[in-house]
Amino acid sequence: VVGHHGVYPGCARKNEKTLVSLLPPLFSAHGVAAYFNGHDHNMQHISHEGIEYFCNGNGGANEESQQNHMQLPRGSWRFVASGGGFTAVRVLDKQRMRVEFYNTAAQRVYCYQIRNPRAADAHAPSSQPCEYEDALRQHADPKAWE
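In terms of our numbering, the sequence shown opens at residue 575 and continues consecutively.
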């Protein structure tokens, strides 16, 4: 699913209570794997209750503030970066999709592979960070924000 505002923004903008109360229950009910948004001027990955939330509004202005990270669900923040960049989404097959964040030098700074929750194969790999060897590794420790 794609939208403009983030459901759980962790930077300078506060959570949209209407989005938090309406969207996640719909996502869960309909087997949504991921929500993508812009608006916040950075790159973020938030994982909550089996749904992956990706933000990249980082094509122009940069937002380095993380002042609202405490509003996020406990242990949900996986990644945040600013400084410009873009997102690539690759559908690998019916069961997997890969989301990659790149900086302005086209260097991959983060990668996450998502399993389709509606996939028929119960043995498909779970959602997890990608295995890669890039110079810029900025994975956030999920416990760092608890």
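Hints may contain errors.
Derived Cβ-Cβ restraints for the label pairs, each shown as a range [claimed, not checked]: (1) A693 to E623: 24 to 34 Å; (2) Q681 to T592: 29 to 39 Å; (3) T592 to L666: 25 to 35 Å; (4) L596 to T678: 16 to 26 Å; (5) A679 to H604: 34 to 44 Å; (6) H613 to P703: 31 to 41 Å.
No lab work stands behind these hints, which were simulated from the structure alone.
Note that the structure is a prediction, hence the values are computed from the model and not measured.
Cβ atoms here follow ideal geometry from the backbone N, Cα and C, with glycine treated the same way.
Now the hints, each set against the structure:
{"no.": "1", "hint": "A693 to E623: 24 to 34 Å", "in the structure": "18 Å, violated"}
{"no.": "2", "hint": "Q681 to T592: 29 to 39 Å", "in the structure": "37 Å, holds"}
{"no.": "3", "hint": "T592 to L666: 25 to 35 Å", "in the structure": "34 Å, holds"}
{"no.": "4", "hint": "L596 to T678: 16 to 26 Å", "in the structure": "35 Å, violated"}
{"no.": "5", "hint": "A679 to H604: 34 to 44 Å", "in the structure": "38 Å, holds"}
{"no.": "6", "hint": "H613 to P703: 31 to 41 Å", "in the structure": "24 Å, violated"}
Checked against the numbered hints listed earlier, the structure breaks hints 1, 4 and 6; every other hint is satisfied.
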